[in-house]
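Colleague: Chains as they are written, first to last, in my numbering: chain A, 133 to 468; chain B, 64 to 433.
The set of hints was computed from the structure by calculation and includes no laboratory data. Careful: at least some of the hints might be erroneous.
Derived DEER-like restraints, expressed as beta-carbon distance ranges [as the list claims (entries may be wrong)]:
#1 325(A) <-> 400(B): 21 to 27 Å
#2 395(A) <-> 270(B): 35 to 41 Å
#3 391(A) <-> 76(B): 42 to 48 Å
Pulled a few chain B residues facing chain A out of the computed Cβ check, cut under 8 Å [as the list claims (entries may be wrong)]:
#4 146
#5 156
#6 157
#7 298
#8 301
#9 305
#10 315
#11 323
#12 332
#13 364
#14 420
Glycine is no exception: its CB is placed at the ideal position from the N, C-alpha and C atoms.
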Amino acid sequence: MADERESMSPTSIGLGVLWPVCWTGLPIKLAFALLAMAMGLMHFENRLGLAFLMLLTSPVTEFAAPIISMTFDSHFGEGIGIPLLFLLSIPIDIWAFGVVGRTFFLERFRKEPPEGLGLTLWWKSALVGAFFMPLLWFLVSSVTETAISTSHSVAEMESLRFVFGTGLPVAERIGLEVTLWGSVASMVLIVLLTIGVSIIGRIIRNAAATAPPAQENYQGLITRWDLMRVPADQALLLTAFTGAGVVLSLLFWAVLPVTTPHPHECCKKAEAKAQGPFKPVETLNRNEQLIARLAAQVDALEQEKAETGAGKDEKEKGTGKAQSGQETAPPAVTKP
Amino acid sequence: MAHSSVPSDQPTATERFIAFLDARVGLKELQAKMLNEPVPGGSRWAYVFGSVLLFLFFMQAVTGILLMFYYVPTADHAYASTQYIIHEVDYGWFLLGYHFWGSSAMAVCVVAHMSQVFLWGAYKPPRELLWVVGLALFCIVIGFGFTGYLLPWDQRAYWATTVGVEILDKTPVLGDFMARFLKGGPTPGQLTLSRFFVIHVMILPAALMALAGLHLFLFRVAAPAGPFRGTPEEIKAKTDYFFPRQIWKDIVGMATVFAAICGLAFWEPVVLLEEATPDPGDYHPEPEWYFLFYFQLLRLKIFSGEFGQFLGAVALPAVFMVLLVALPFFDKDPERNIFKRPVALISWIVIMVIMALFTVSAVINREFLD
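Given only the sequences and the hints, what does the whole structure look like? Please build it.
Modeller: Quick look at the structure:
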């Protein structure tokens, strides 16, 4: 068993620590991410998956994410919430590195974890990530682009056209292309990830090299790391968690939009204009004035009509004498 | 004013109430049975998927009931009522988005749970029945996804169901009957919607509750399998009760999934296409994303023609399901370590790669068609 511990590869050490560290901090980070999304502080277009991966692996992408964004002009979202979230991730990741690192030291190395292990492992991992992740990004992107164009050329080869008569059917062709470029890209990604994890593993192994061995037997060590995770005041922790949960839930419902932020073409709402306050006395006065004005207009119109009618009758009488014997035109139809 | 600091021996009102309940329903015994289950090798994150699935089902039931307050399952009102939920009901868009993405999360978690059981070798004797009931639950989850997809009654829903029922029609003997029963006519219409609605909100939830209860009962009878690695001394040293550590992990898992679903509901809220019509127009029918790999598989030349369609639509999934059901009965090797079961490991990797590969291909194919 001791030999097995001594011969642990840097990759398995790195994986054994990084994997649980990433998942340990995720729930807390997700809660903040959700709030930021609900507040509209950050937006993701079609890169939510990439944003999730960046957040999940924030122990190594803390410094790497802005470098990748600036160097390769490849942002995975927009808004002030993203840098805020990465800043918030720093203490969470340090805590996660501390919990997982101490457990790993006791259980797997059977060594006493040194003081400040979480902080040490975090800054070293973040620093490695700052150099390694942009390199990984660049290499995987370049290889994937080349592999896609090459696989496209392969799928259009004349020999394939000869084999299939009319060329490869669409589904087969797409499947072949995805298999070709996907295999190459995945292989490169896996190799580079293994190298990166192995570097982190070496850092952890170096930190363990100077640590003194733990004295207890296996059962004692398990009890110790188990109790390490149990808070001294459990009631306080439960109250704090419940309180935080209630506050986060209330905040969430407070900032959640009531209607959909993406209305359908059929159901777009007309823009509502705010109406002024209703003042009954002023409205009555205004309406009375309006009615009086309209009544005066009606009277004037009736008078004008009566005068016009009288003048017309007189005119008709005059012309009627001159046109006697001729057929009279029908009266014009007038609106009431 | 002096007051006594001597603790009283008299039980509080809460204690008296709990004692009252305990005397009548055996509360403490129930609590002990529920929480004091030993977990060999201690709690693990890998064990959270079962609890997360229960939580997801509960949330789907809650959001589904809330949606039913407004949804009208008739062909002439289903689309309008869904639009009403999205655009008029307070937080309706979020509830529908949560329900929609919750169904995807159920599909993902059920595959993750099955993968964990498979890789851990936890289907091996004496847990065969547990595995078989789990497979039935998997089919129910898929059924939920299929029947729920039609309910908004837009073009996407209508044509995905049309394609799905046509695939079902290829099944020998029963296929024609099942297709006619589900459609209720030559083309999807009111009867189809009514039947899918009843299956979605009554039959499947009842079946899921019954089978989930049986699954939990069998799980408690067979006891957790524990890790596949480690000496008996190590496993014994780490063995713990279900409460509090595994429950804590389960709660964290549920919170994570809840946050992820809410995030997805924000990122991609449900937006309906045009109302369902028997004319697809420019729309290219395709199923829900977790069926895309299978849909793309059926587009291959090998699965064209009468025999090819039967092979792809019926024989292939039937053989796969039969193999899964029979797995614990022909795999008698007690070895559970996945790294010492190369056939199992390679098979799992191949299936996962095929699913990923054909899903990506389907997305590219969609762009090609557009």
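Colleague: Compare the structure with each hint and give your call.
Modeller: Each hint, compared with the structure:
no.: 1; hint: 325(A) <-> 400(B): 21 to 27 Å; verdict: holds, 24 Å
no.: 2; hint: 395(A) <-> 270(B): 35 to 41 Å; verdict: holds, 37 Å
no.: 3; hint: 391(A) <-> 76(B): 42 to 48 Å; verdict: holds, 45 Å
no.: 4; hint: 146; verdict: holds, 5 Å
no.: 5; hint: 156; verdict: holds, 3 Å
no.: 6; hint: 157; verdict: holds, 6 Å
no.: 7; hint: 298; verdict: violated, 11 Å
no.: 8; hint: 301; verdict: holds, 6 Å
no.: 9; hint: 305; verdict: violated, 15 Å
no.: 10; hint: 315; verdict: holds, 5 Å
no.: 11; hint: 323; verdict: holds, 7 Å
no.: 12; hint: 332; verdict: holds, 5 Å
no.: 13; hint: 364; verdict: holds, 5 Å
no.: 14; hint: 420; verdict: holds, 6 Å
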